[in-house]
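K.L.:
Residue numbers (UniProt numbering), protein chains in the order written: chain A, 1 to 403; chain B, 1 to 403; chain C, 1 to 403; chain D, 1 to 403.
Hints are not guaranteed to be accurate.
Straight-line Cα separation of at most 25 Å, SDA-like style, residue types lysine to any residue; simulated pairs [what the hints assert, rightly or not]:
| # | chain 1 | residue 1 | chain 2 | residue 2 |
| --- | --- | --- | --- | --- |
| 1 | A | LYS331 | A | ALA252 |
| 2 | D | LYS396 | A | ARG282 |
| 3 | B | LYS396 | C | ARG282 |
| 4 | A | LYS401 | D | ASN285 |
| 5 | B | LYS396 | A | ALA296 |
| 6 | C | LYS212 | D | ASP367 |
| 7 | B | LYS292 | A | GLU190 |
| 8 | D | LYS292 | C | ALA143 |
| 9 | A | LYS400 | B | GLY291 |
| 10 | D | LYS292 | C | ARG282 |
Partner residues aside, some chain C positions facing chain B, computed with beta carbon under 7 Å [as the list claims (entries may be wrong)]:
| # | residue |
| --- | --- |
| 11 | ILE304 |
| 12 | VAL309 |
| 13 | GLN313 |
| 14 | LEU317 |
Using C-beta positions, here's what the derived DEER-type ranges look like [claimed, not checked]:
| # | chain 1 | residue 1 | chain 2 | residue 2 | range |
| --- | --- | --- | --- | --- | --- |
| 15 | B | LYS57 | A | ASP50 | 54 to 62 Å |
| 16 | C | GLU22 | A | PRO293 | 48 to 56 Å |
| 17 | A | ASP50 | B | ASP159 | 40 to 48 Å |
| 18 | A | ASP50 | D | ALA4 | 40 to 48 Å |
| 19 | C | LYS212 | D | GLY73 | 23 to 31 Å |
| 20 | A | GLU10 | D | ALA4 | 14 to 22 Å |
| 21 | D | PRO293 | A | PRO189 | 29 to 37 Å |
| 22 | A | GLU22 | D | ARG403 | 49 to 57 Å |
| 23 | C | ARG13 | B | ASP50 | 48 to 56 Å |
| 24 | D | ARG403 | B | ALA58 | 15 to 23 Å |
| 25 | D | ASN285 | A | GLU116 | 46 to 54 Å |
| 26 | D | LYS57 | C | LYS212 | 49 to 57 Å |
| 27 | B | ALA58 | A | ASP50 | 57 to 65 Å |
I should point out that these hints are in silico values taken from the structure, not numbers from a laboratory.
All C-beta atoms in this analysis are idealised placements derived from N, C-alpha and C, irrespective of residue type, glycine included.
The lines below spell out each chain.
Protein chains: 4
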Amino acid sequence: MDFAYDAKTEELRGRLLSFMDEFVYPAEAVLEKQLEEATDEWARTPIVADLQAEARKAGLWNLFLPDAEHGAGLTNLQYAPLAEITGRSPHLAPEALNCAAPDTGNMEVLAMFGTEEQKKQWLRPLLDGEIRSAFCMTEPDVASSDATNIATRIERDGDSYVINGTKWWSSGAMNPNCAIFIVMGKTNPEAERHQQQAMILVPRDTPGVEVKRGMHVFGYTDGPHGGHAEVVFTDVRVPVDNLVAGEGEGFAIAQARLGPGRIHHCMRLIGMAERALELMCRRANERVAFGKPIAAQGVVQEWIAESRVRIEQARLLVLKTAWLMDTVGNKGAHTEIQAIKIGVPLMAEWVLDKAIQAHGAGGVSQDFPLANLWASARTLRLADGPDEVHRMSLAKRELKKYR
Amino acid sequence: MDFAYDAKTEELRGRLLSFMDEFVYPAEAVLEKQLEEATDEWARTPIVADLQAEARKAGLWNLFLPDAEHGAGLTNLQYAPLAEITGRSPHLAPEALNCAAPDTGNMEVLAMFGTEEQKKQWLRPLLDGEIRSAFCMTEPDVASSDATNIATRIERDGDSYVINGTKWWSSGAMNPNCAIFIVMGKTNPEAERHQQQAMILVPRDTPGVEVKRGMHVFGYTDGPHGGHAEVVFTDVRVPVDNLVAGEGEGFAIAQARLGPGRIHHCMRLIGMAERALELMCRRANERVAFGKPIAAQGVVQEWIAESRVRIEQARLLVLKTAWLMDTVGNKGAHTEIQAIKIGVPLMAEWVLDKAIQAHGAGGVSQDFPLANLWASARTLRLADGPDEVHRMSLAKRELKKYR
Amino acid sequence: MDFAYDAKTEELRGRLLSFMDEFVYPAEAVLEKQLEEATDEWARTPIVADLQAEARKAGLWNLFLPDAEHGAGLTNLQYAPLAEITGRSPHLAPEALNCAAPDTGNMEVLAMFGTEEQKKQWLRPLLDGEIRSAFCMTEPDVASSDATNIATRIERDGDSYVINGTKWWSSGAMNPNCAIFIVMGKTNPEAERHQQQAMILVPRDTPGVEVKRGMHVFGYTDGPHGGHAEVVFTDVRVPVDNLVAGEGEGFAIAQARLGPGRIHHCMRLIGMAERALELMCRRANERVAFGKPIAAQGVVQEWIAESRVRIEQARLLVLKTAWLMDTVGNKGAHTEIQAIKIGVPLMAEWVLDKAIQAHGAGGVSQDFPLANLWASARTLRLADGPDEVHRMSLAKRELKKYR
Amino acid sequence: MDFAYDAKTEELRGRLLSFMDEFVYPAEAVLEKQLEEATDEWARTPIVADLQAEARKAGLWNLFLPDAEHGAGLTNLQYAPLAEITGRSPHLAPEALNCAAPDTGNMEVLAMFGTEEQKKQWLRPLLDGEIRSAFCMTEPDVASSDATNIATRIERDGDSYVINGTKWWSSGAMNPNCAIFIVMGKTNPEAERHQQQAMILVPRDTPGVEVKRGMHVFGYTDGPHGGHAEVVFTDVRVPVDNLVAGEGEGFAIAQARLGPGRIHHCMRLIGMAERALELMCRRANERVAFGKPIAAQGVVQEWIAESRVRIEQARLLVLKTAWLMDTVGNKGAHTEIQAIKIGVPLMAEWVLDKAIQAHGAGGVSQDFPLANLWASARTLRLADGPDEVHRMSLAKRELKKYR
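Produce the complete structure using the sequences and hints provided.
P.N.:
Structural data, given as structure tokens:
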């Protein structure tokens with residue numbers, strides 16, 4: 001047992017921390033300004049392209065992808081502390097490094113399950129940051145945490161598949177540069193519970209695809225990240241070659257995609273919580289009320305100490321989960337992946353709430369990043385399945401041990 | 001001791017409940033539509049004027065004002081259950097009845113402390129719903145919960161007062177129809193701690209007044225309510241007659257204004273929590289996951305029961321506080337006003353969080369009112385002084401009993 | 001709506017508060033001493049008899065019994081604030097006034113459902129404080145919150161009933177002076193769900209009754225209150241006249257008994273919480289750490305403020321519940337009785353936990369009453385049905401409103 | 001970074017797990033029986049001696065002592081998972097292995113700071129389990145978390161030191177076999193804040209030592225562990241050679257002792273929480289209410305999942321802390337030691353509370369170990385300094401980073 005990062009991780013951490021100081025943090029104010037002046041609320045701001053150029057130069061590109069052929073070839077355990085650092089500036093750093101959801105998960109799907117042709121057409125430009133992508137899974141009319149509920153149909157018709165259904169929370173899809181959608185639907189509705197689904201590639205400009213509107217998250221549109229779209233598919237016809245892997249394999253692909261997706265979110269949440277704690281400390285040191293800095297108030301001290309205790313515990317569980325994924329595989333790390341999915345967003349939400357409170361009314365406003373971060377953390381208690389579903393599932397495995 | 005509403009209250013409750021069913025709830029969808037089509041994001045939507053006309057017809061107008069000459073002459077205890085009902089649709093009902101903050105508090109100040117001339121010029125059109133008003137107290141650079149921190153200066157110069165300072169969170173001030181600002185500042189910075197401040201009337205169109213920008217609340221601008229403005233006052237000159245009461249009386253006026261203001265917020269929060277509980281129950285009955293309605297899930301049942309228990313307790317404390325204000329005065333009800341200021345927003349936030357969770361990802365979006373209501377409730381843990389300041393103050397009085 | 005106690009209540013409160021000051025609080029140290037010297041750990045201490053004599057003189061006797069023929073004839077609303085006061089010294093005051101569980105509930109059962117003969121033989125000496133009684137309902141082998149689980153059998157055999165079964169948590173039954181047991185069992189196991197049970201009177205000295213052992217509550221035996229016994233009934237034979245009301249009426253009697261029983265517990269819990277808050281304040285004022293009284297620590301102030309807020313809310317809900325029981329009956333107050341059963345023990349537990357923490361290690365010990373009170377409050381989250389059962393039941397009624 | 005235990009740890013874990021199954025768990029019922037029949041409530045029960053004999057045979061003896069000369073020579077990281085396992089049966093296993101507080105800490109003090117003579121006289125018999133010891137630090141009249149408050153005096157008088165003062169919570173001291181007390185007091189009250197104290201060895205039979213009474217913990221006396229004594233020292237005279245290290249070094253010794261002491265407590269708490277979770281799962285699988293096992297109730301599933309999530313996080317932080325102590329020393333691990341002192345008792349308390357609730361009324365009684373374990377966990381929020389003091393101290397270091 002050893003709690004020190006390995007040499008490669010330490011080297012990359014050092015490089016990334018410098019990159020954050022030199023490029024990312026100074027870019028935050030630029031982003032705000034460009035957003036105010038933007039004509040298309042859904043497009044990426046120019047600053048992101050600038051940062052991407054610097055990141056490539058610095059050798060900080062596609063770090064998320066364990067596949068050494070296409071990505072950086074890092075283990076989950078090596079990537080985790082890097083993703084954490086990007087979480088400190090989550091509206092800029094992940095995209096700067098081409099490590100932002102949902103593109104990361106989509107690239108992993110293509111790298112693992114894509115044909116050579118699919119890789120050439122879609123994976124390559126994604127790896128190069130030329131296009132963006134969306135993942136269309138959740139549906140408005142059913143509880144999507146239960147995959148058997150999915151109502152979208154993918155029906156074979158000659159050399160085509162025909163897709164009908166409505167998806168929402170397709171993150172990034174409002175972005176005009178988002179060129180390709182990976183859509184989950186049922187090809188075999190009569191098959192066994194987890195053999196009914198498939199995934200298929202749908203170019204954005206296919207007839208019958210309607211990107212209808214952006215969903216809000218507590219008043220935020222998340223515009224610069226391409227928002228969260230409701231997308232309607234009406235008799236959308238694509239060639240059979242667009243299928244990812246085979247019919248009935250959609251659930252397995254989703255599982256393969258969701259494990260890393262969930263841990264990436266959790267890694268970044270640790271960084272968000274660290275940022276919040278730093279801001280809370282700075283504010284507490286500077287702000288004076290009733291004759292002394294609020295850092296001298298016992299209640300604020302409690303928040304700070306409790307934040308530190310919670311962050312440390314959460315980080316370790318994320319790191320152990322990454323290690324398990326590396327050593328025994330995603331399936332063997334199932335309990336831990338669920339555990340961090342349950343615990344880490346709640347932790348980050350708690351720390352952010354306290355940091356907001358320490359900032360007074362400014363904390364809920366656009367003058368600090370806290371309220372926006374809070375909304376992201378809160379939403380992750382629902383994204384990829386609500387906490388309650390994960391708790392139920394984890395508990396059942398625990399109960400089985402003693403039956 | 002008697003827990004039944006009196007006859008007058010019951011009659012008004014009946015009338016208001018019908019008004020909600022007939023006019024307000026159906027108007028919610030209209031509001032959404034008008035907001036999408038609005039050209040000025042800060043202006044009131046036409047539907048509000050329609051509702052106001054109906055409310056006047058129904059005799060549901062200015063219910064908040066205990067002063068029978070200008071308002072409905074209700075006690076706080078009679079008004080509380082009515083304000084609660086308006087809280088069920090807080091973006092429409094309070095304004096429909098001309099009972100929305102900050103106009104209510106401003107009208108109370110004018111009714112209590114205004115000269116005949118001030119009443120004629122500003123109170124009359126406010127009572128008639130012809131103009132709106134703002135209350136400029138909080139400042140960005142200081143912890144405003146400590147009134148001695150206020151930096152805005154109101155300096156006598158001949159027959160004028162000259163005002164310099166920056167305010168923010170001046171709710172309603174982004175609305176072009178918001179004609180009059182009540183501004184708090186220091187006239188006597190060398191006087192005793194609570195004798196330094198004054199309040200002064202500043203018409204919006206006075207030279208030197210700059211309504212600079214709207215503050216966001218978790219991504220929401222609260223546009224249709226006139227937003228929350230940052231307002232800069234630079235050498236703003238108004239006649240000495242614009243002073244409300246005298247120099248040094250600003251703190252006392254603020255206290256007189258804040259007591260009712262806080263309880264009105266709390267009354268409406270009860271209604272917001274009731275609305276959330278209703279929506280949570282409806283959703284739980286309708287939504288199916290893993291083969292049964294989520295109403296059958298033990299965890300959701302816990303949320304519902306706990307919500308009911310918390311709402312009932314909070315309502316009773318609000319009602320008792322209203323009764324105390326009526327019988328022993330705002331000063332005698334000081335502890336209870338602080339107690340509801342501490343307890344009720346937290347209660348409403350908790351119920352809303354659970355209702356959101358029961359709605360899945362939809363809960364954080366614009367498709368349900370819950371996320372927006374949540375943001376309001378959360379913000380009330382900061383508005384009019386953060387919880388921590390009220391807890392500290394309440395505790396000190398409690399500790400004194402045993403010294 | 002009126003939040004003032006009526007004149008009779010105020011008069012009795014005054015009298016009881018004097019009684020507490022003059023007799024009860026000074027007796028607490030005497031109790032401790034007599035307990036140390038006691039030879040029978042299950043017997044009442046002599047100080048209780050002394051207090052009872054004083055209480056009768058002061059006209060503070062059997063206040064709990066609404067029946068004016070046998071008791072004080074107070075409404076629930078009048079009794080509630082008195083029971084609260086006794087809760088401030090719960091190991092002495094309730095017994096001093098002959099208002100201690102389980103005798104109170106048993107007397108109510110006898111007063112409401114007993115025959116003249118049963119009243120003469122058992123109610124009279126209970127009213128006079130000459131004997132004590134136990135209520136034998138809960139069973140070790142089944143979840144007793146579901147009454148249909150009860151396994152004890154009461155079988156007719158000629159002019160007798162024969163009882164077989166095992167009960168536990170029969171409070172008071174370890175006391176040698178506890179002369180009569182009211183036992184719940186099934187007479188009609190094949191009848192409809194709530195028509196299967198009956199209650200029967202079993203004198204302690206009936207052959208086949210074995211009072212086996214006292215159950216502990218977190219290390220406490222509650223000896224001076226007669227403990228909490230496990231009682232085994234083996235072929236216990238009593239005359240048919242010992243049945244309370246008729247066969248199959250046990251569930252209805254239990255319901256009639258539990259409503260007032262639950263509210264009495266809650267009333268006393270309010271008093272316990274008030275006592276804890278008082279002790280916390282006194283300690284905080286007196287104890288110095290790191291150069292200032294802990295009363296000046298922000299965290300302790302938070303505990304105190306939050307305690308006051310929670311106590312006030314809980315008290316009002318208890319009072320409203322009492323009022324509902326008086327005006328619409330126990331059945332009409334069903335939701336509120338469950339609500340206080342859920343909310344009040346948790347509130348008291350929370351306040352007591354903080355008071356303990358403020359007392360340092362002394363707080364968990366015998367040197368302060370706090371740990372013992374905490375154990376009582378904690379246990380009331382389980383007694384008369386665990387919180388979870390009440391929440392489930394309350395939620396189902398709430399959900400029904402919107403189906 | 002590597003989350004696997006090393007080979008030595010795995011081997012010892014295997015051996016210890018077998019020992020638990022073969023000897024410790026079966027001994028729990030024996031302990032209960034021997035306690036009931038015991039004539040001296042403060043003496044060790046015979047079963048402990050039996051287990052100790054087996055443990056020595058199994059090579060599971062003095063594992064806690066990193067000093068390879070006297071102990072097992074394990075690192076903290078190697079010992080941590082073993083201490084966790086003993087925490088599953090905390091009333092038997094730690095003593096069985098001669099790894100029970102306060103002897104462990106006292107042996108460490110003697111091994112690190114003792115003279116050869118002191119080691120021969122006291123360390124040797126402690127290592128052999130022949131005698132027991134107590135640590136006399138906390139005082140009833142002052143907040144002992146602030147070491148400068150300590151009032152006990154150790155005054156030089158010729159070749160002797162004379163000790164006057166009152167201590168309490170001297171765990172183990174009620175045990176007649178507890179032969180030696182390490183007493184903390186002030187030798188240099190005028191010196192710098194942390195140079196005032198010293199530690200001195202006081203044999204129990206020294207004239208002037210009065211072991212006055214045992215403190216209770218939520219009604220428990222912890223008799224078989226020698227209780228928690230109040231000890232009065234009146235003109236107690238011991239030779240100058242009894243001083244441990246020098247005058248003024250008491251604070252430094254205390255610090256050296258408390259770090260390992262705190263982490264040992266935390267390690268065992270993890271095991272206690274695991275035991276509670278196991279019992280909760282077993283109960284949930286077995287107990288039926290309302291027609292199904294309570295394992296099928298969503299609320300119970302939430303408790304189980306949440307317990308697993310909290311335990312995993314806490315364990316990792318304890319392990320990392322152990323690793324830090326091994327690699328950078330106790331001082332470098334200061335923040336983490338405080339973090340586990342804050343977080344782990346609260347975690348264990350929470351899990352135990354839920355396990356109790358799942359057991360119904362039985363959960364608070366002597367029929368399950370849960371209530372007793374809960375009392376231990378709760379008390380550790382106060383022992384070695386209340387949580388609030390540690391939070392304040394940790395927060396101040398955190399705040400300093402950003403000043």
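K.L.:
Now look at each hint and say whether the structure bears it out.
P.N.:
Going through the hints against the structure:
Distance hint between LYS331/A and ALA252/A is fulfilled; the C-alpha atoms sit about 11 Å from each other, no more than 25 Å. Distance check on the hinted pair: LYS396/D and ARG282/A sit about 12 Å apart at the alpha-carbon level, within 25 Å; holds. Annotation: proposed proximity of LYS396/B to ARG282/C holds, straight-line Cα distance about 12 Å (limit 25 Å). Between LYS401/A and ASN285/D, the direct Cα distance comes to roughly 10 Å. Compliance with the 25 Å bound is thereby established for this hinted pair.
This hinted pair checks out: LYS396/B and ALA296/A have alpha carbons roughly 17 Å apart, not beyond 25 Å. A distance of roughly 14 Å separates the Cα atoms of LYS212/C and ASP367/D; the hinted pair therefore holds under the 25 Å criterion. Taking the CA atoms of LYS292/B and GLU190/A, the gap is near 20 Å; set against the 25 Å cutoff, the hint holds. Straight-line distance between C-alpha atoms of LYS292/D and ALA143/C comes to about 11 Å, which keeps the hinted pair within the 25 Å bound.
Pair hint LYS400/A plus GLY291/B holds up; C-alpha atoms about 21 Å apart against a cutoff of 25 Å. Between LYS292/D and ARG282/C the alpha-carbon distance is near 49 Å, which puts this suggested pair outside the 25 Å criterion. Taken as an interface hint, ILE304/C checks out: its beta carbon lies about 4 Å from the nearest beta carbon of chain B, inside 7 Å. A hinted interface residue such as VAL309/C counts as satisfied when its beta carbon comes closer than 7 Å to some beta carbon of chain B; here the least separation is about 5 Å, so the hint holds.
Taken as an interface hint, GLN313/C checks out: its beta carbon lies about 4 Å from the nearest beta carbon of chain B, inside 7 Å. Here the hint on LEU317/C is kept, as its CB sits about 5 Å from the closest CB of chain B, short of 7 Å. At about 60 Å, the CB distance of LYS57/B to ASP50/A agrees with the hint of 54 to 62 Å. With their beta carbons about 50 Å apart, GLU22/C and PRO293/A fall inside the hinted range of 48 to 56 Å.
ASP50/A and ASP159/B have their C-beta atoms about 57 Å apart, which leaves the hinted 40 to 48 Å range violated. For the hinted restraint 40 to 48 Å between ASP50/A and ALA4/D, the CB-CB distance of approximately 43 Å keeps it satisfied. For LYS212/C and GLY73/D, the Cβ-Cβ distance of about 51 Å falls outside the hinted range of 23 to 31 Å, so the restraint is violated. Look at GLU10/A against ALA4/D: about 21 Å separates their beta carbons, and that is inside 14 to 22 Å.
Checked against the hint of 29 to 37 Å, the C-beta distance between PRO293/D and PRO189/A comes to roughly 33 Å, which is consistent with it. The beta-carbon spacing between GLU22/A and ARG403/D, approximately 24 Å, falls outside the hinted interval of 49 to 57 Å. At roughly 53 Å, the beta carbons of ARG13/C and ASP50/B sit within the given window of 48 to 56 Å. Distance hint check for ARG403/D and ALA58/B: the Cβ-Cβ separation is about 60 Å, which falls outside the suggested range of 15 to 23 Å.
At roughly 51 Å, the beta-carbon separation of ASN285/D and GLU116/A lies within the given 46 to 54 Å, and the hint holds. Between LYS57/D and LYS212/C, the C-beta spacing of about 39 Å breaks the proposed range 49 to 57 Å. The supplied range of 57 to 65 Å is met by ALA58/B and ASP50/A, whose beta-carbon atoms lie about 59 Å from each other.
Hint compliance for this structure: hints 10, 17, 19, 22, 24, 26 are not met, and every other hint is.
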